[in-house]
Amino acid sequence: MSNEAALHHSVDVSTSHDTHGDGHMHHHHETFITKYVFSQDHKMIAKQFLITGMVWAVLGGLMSVLFRLQLGYPDSHFYWLEDILGKWWVKDGQITPEAYYALVTTHGTVLVFFVLTAGLSGTFANFLIPLQIGARDMASPFMNMLSYWFFFAASCVMLSSMFVETGPFSGGWTAYPPLSALGSASPGSKTGMDLWIVAMALFVVSSLLGGLNYIATILNMRTKGMSMTRLPLTIWALFFTAVLGVLSFPVLLSGFILLIFDRNFGTSFYLSDIFINGVGALPNEGGSAILFQHLFWFLGHPEVYIILLPAMGMVSEILSVNSRKPIFGYMAMIGSLFAIAILAFLVWAHHMFVTGLNPFLGSVFVLLTLLIAVPSAIKVFNWLTTLWRGNIRFTPAMMFAIGFVSLFISGGLTGIWLGNSALDIHLHDTYFVIAHFHIVMGVASMFGMFAGIYHWYPKMYGKHLNNTLGFIHFWITIAGAYLIFWPMHYEGLAGMPRRYYDYSNWESFKQFIDLNRFISTVAMIVFATQLLFLFNFFYSIFKGRKVTSRNPWQSNTLEWTTPIHPGHGNWVGEIPEVYRWPYDYGKDGVDFIPQTTPVGEEESHH
Amino acid sequence: MTFNLTVAVIILVFLIIFQISKASEYVAILKGEEQNRKNTNKVNGFLMVSFLVLGLIGVWYCNSLLFGKTLLAHESASVQGERVDSMLWLTLSITGIVFIITQILLFWFAYKYQENDKRKVVYFAHSNKLEALWTGVPAIVLTVLVVIGLRNWSYFTSDAPKDAMVVEVTGKQFGWIFRYPGKDGVFGKKYYKNIDPATNSLGLIWRDSASLNLKDDPATHDDIVQEQTMYVVKGKPVKLIIGSRDVIHDVGLSQFRLKMDAVPGIPTTLWFTPKFTTSEMKKITNNPNFQYEISCDQMCGNGHYSMKGVIEVVEQEDYDLWMAKQKPLYFQSFPEKDPSAPKADSTVKAIAKN
Ligand code: HEM
Ligand SMILES: [Cu+2]
Ligand SMILES: [Cu+2]
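In order, the protein sequence lines correspond to chains D and U. Per this note's numbering, the first sequence starts with residue 6, numbered consecutively. Per this note's numbering, the second sequence starts with residue 85, numbered consecutively.
Honestly, the hints are just simulated from the structure, not real lab data. Worth double-checking, as some hints may not be accurate.
What the hints assert, rightly or not - Every beta carbon over 12 Å from chain U, so not counted as near; a handful from chain D, in silico:
id: 1; residue: T36
id: 2; residue: I38
id: 3; residue: V210
id: 4; residue: M233
id: 5; residue: G408
id: 6; residue: A427
As the list claims (entries may be wrong) - Calculated lysine-lysine pairs in the BS3-like style (CA-CA distance at most 25 Å, straight line):
id: 7; chain 1: U; residue 1: K421; chain 2: U; residue 2: K320
id: 8; chain 1: D; residue 1: K551; chain 2: U; residue 2: K122
id: 9; chain 1: U; residue 1: K366; chain 2: D; residue 2: K515
id: 10; chain 1: U; residue 1: K273; chain 2: U; residue 2: K421
Beta carbons: idealized from backbone N, C-alpha and C, even for Gly.
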């Protein structure tokens, strides 16, 4: 509800400034519904993705605050929480184990899929692809609209799973059967799991509709002169992201379909030799629980890059613009994106080193996994070289981009530990893994997303965000992110397992109670800081400083050649033609040369 | 009360931050955007190096605070774990050096190359030499890590030595069941539909069953079944045959630096050689309550966090003494077969059954 309300306001404001007909190529009459709700304008769909993603980010973040409350203060009683949430969630002032696991699971699922997939690539693929390649809209605006509404439906179903009597699904976002297949093994695997699967299936449909559209648009609808090697790196990254999604999400869906069969129709794809306390022996024999893990991680690993690549693309763009210097190694950046995209499909079993996987197969996956570190290293060094001898403007977007690089380094390096099966056999499923993937994927991609929002907000709303709030947001968030996740490496090195509700009965792990309290406290502060950002976001839609120039960042890319409030169709009159790559910053002493400027006679070659 | 107070304080802080931000925006407009950007640029550039310096100090401080609480603070308790540790140290030194260098470059560049009217940026778009350098060097270093890693991996996953003792470990919601093969050295057959939680937790086949089409397997008759605590011998390799009765669990052996999943229907194995007895570890770790704990490391339901097993590592003599006291599970269901039990006395039988 709240997002819908916000949606309309945002639009009210932009209409009031819209010079009417500005950019409208199709002269159809738009009603409220077609313009703001069932909109087919990629820019509006992008905002819908963004705001829905933000709602989920707040909910998912709140969930983490709640379960961190349990980990940080296992002996305290929060009776007021009981009044707010009810007895199923909080008993005697303490989060119940059922609730704890439900919160952890839902937190993971919505952050990975709803926030960092839909909210991140849904937003920026929609917003930037047509604007940066010079197209009036997506290849199929209608499919694009469906993509959002499937996501919306998925969101509704996922949300409703929070309210069923047996609780939401609670078996971890990876949903390994048999736990996820058997309601008798865990109450969360009853109705909650049915809803979880339905929500995820709808989500897969949404991703496929979106992804196919992004690919078709990038390949077919580039403006005159916009060859593939003149595309901004954002577009390249979004392109590979879409390819990854289109090739891997169907595999996940197939895994879910088999799971549905096992749950409801008595098949034994994943089930064998199971005796459940209080129920007895199940009839299923001959299935393999490991099969699901292969299907899951065949998506699951590419998924981590689906989340990360758009952030990498935006960061490359933002670093270059604000260093006033070309991105270093444009072709190497594309090449490394390509290498990452290929390798992303060949490393999934590194999540399964200790499942009893054939050791030889394990060795192959070690080799391929560590290979990914090479293109990752190329990217890092290229970003560093982009900063070198630049003339850096610290916009909030730029700072989040720099923060992204820092986090990507920190988290990527621990991937080298985990990718080596002989170390993973010790570190798997400990807090070391939590630290690794939160830093490299969770927080880093969040930083990419923030960078994107700060950078393209003027284009989205025709307003500026408040910079001071942006700086405060950045510094607290980066310091907080490191304070939360850095010490977790040490917990992992003590062997402390993830997904534990309480450690107090463990001689080997209970020494971290003070640390856990510290982490939980910082997590709450960081969460509160994000509210500051949200406030900045919504307040500025209405009251923000107006954007007065078309190109506030003095950037080369095409989106900044559109009117300040572009209408449906983006450009008034002809779509501009492109004559050069997007990174001519500081060339021949000229600060920036937009892509639409023809190459001059005396211009040097790069 | 405290809740309301906290909320009030948070709102107050928000209001203050908001007012400051608003005010600084007005100032910005008054001073002109150019000038304002230059001012905030200086502040943020300075904060970038400060963050670097404080961050590196923080890394050091965090280490001094927490290192002693990790497993690395004392020697590994298994022969295999020594290799894990030495690999950890090598990987840590390599990634640690890269971490420090790249983070310093990142934040130092950010500070050093902050906007300055006098600077002329270099139009430096690519350099094959540099790019080859940072493709090649990581590739070589990673190859070294892969080679070392795979050598260890093939050692960890190799067949257990012939003289290894064998224990079967079965996970269930939420606990562990251990089985020893008994005097014959052979694990009797089991079938999950035979399980009776009270008397036959593993489903050992010790009677004919027409309905399940099973024949009594005499090898089950001397199998020893234990719950929660497993005994193994110091210095003697032990091979675990790992399975699960219901969902996936994981035998997590943090002190030994190893773990392996327990998957229903698909047995897995893991072997290791314990180096210290439990009482020796109490001294090494300086913790009189020390225990070798088996932690379940795979989400298995709402009791996952409580799924604990204990391993007692003892000297051979103590192990023999302990083993001599154990009775096969078979005799619980068939007390009349127990040679050590007094013959056919109904009262004793009743006691034995309990
Ligand atoms: C240098 C490159 C990287 C390597 C070698 C690497 C390696 C690994 C390995 C081996 C694991 C499994 C650990 C375990 O479960 O025991 C893992 C987990 C994970 N990694 Fe990475 N990683 C790298 C980069 C990334 C990136 C870039 C992302 C995200 C964008 C990412 C996200 C994740 C996630 C989400 C998990 C945890 C999944 C779970 O819940 O089990 N990793 N990584
Ligand atoms: Cu992976
Ligand atoms: Cu478990």
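Tell me the numbers of any earlier hints that the structure contravenes, in ascending order. Violated: hints 5, 6, 7.
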